[in-house]
Amino acid sequence: MQILEIANTNSHLLSGYCCGLPPAKQQTQTTGCPACATAFSLCLKEYQGTTSPTAVQQLQQLQKKTGQAEVGLEPQPSAMYGCAFGNASTPVLGGSSFVLSDSEVGRVTLPFTFRWTSI
Numbered sequence: 001m002q003i004l005e006i007a008n009t010n011s012h013l014l015s016g017y018c019c020g021l022p023p024a025k026q027q028t029q030t031t032g033c034p035a036c037a038t039a040f041s042l043c044l045k046e047y048q049g050t051t052s053p054t055a056v057q058q059l060q061q062l063q064k065k066t067g068q069a070e071v072g073l074e075p076q077p078s079a080m081y082g083c084a085f086g087n088a089s090t091p092v093l094g095g096s097s098f099v100l101s102d103s104e105v106g107r108v109t110l111p112f113t114f115r116w117t118s119i
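The numbers in full-length UniProt numbering rise by one with no breaks, and the one at position 37 of the sequence shown is 37.
FYI, nobody ran anything at the bench for these hints, they're computed from the structure. Computed from a predicted structure; not experimentally measured. Since no wrong hints were added, every one of them can be taken at face value.
The following label-pair restraints were derived from C-beta to C-beta distances: (1) Leu4 <-> Pro91: 12 to 22 angstroms; (2) Val92 <-> Lys45: 20 to 30 angstroms; (3) Ala24 <-> Phe85: 38 to 48 angstroms; (4) Thr31 <-> Arg115: 47 to 57 angstroms.
Each residue gets a CB set at the ideal place from its N, CA and C atoms; glycine is no exception.
Construct all of the structure, not just a fragment, from the sequences and the given hints.
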């Protein structure tokens, strides 16, 4: 997958609240939001009809517990996030809206630890 551009012009989180505000202010301020810190997570799993942000929330909770500010390019333990075939994340790549001009900047590698069957 190649990501070329991200546009989050209002600097809102998935919840609709502003990025970078303390919880008490998130529900009251919806304009003039600070820029988001945008990173990407890749999860390779078997087919699933619908998805939810649960894996991202679990990852954020783990980061808080371990004191990590961001996840590096190293794959994370797959079973913990429901990613049967692996998962990995980028560091923060930019703010709320940006264009990736260097295709290597946002590269995420998912090493396979299994072998595909041959036909």
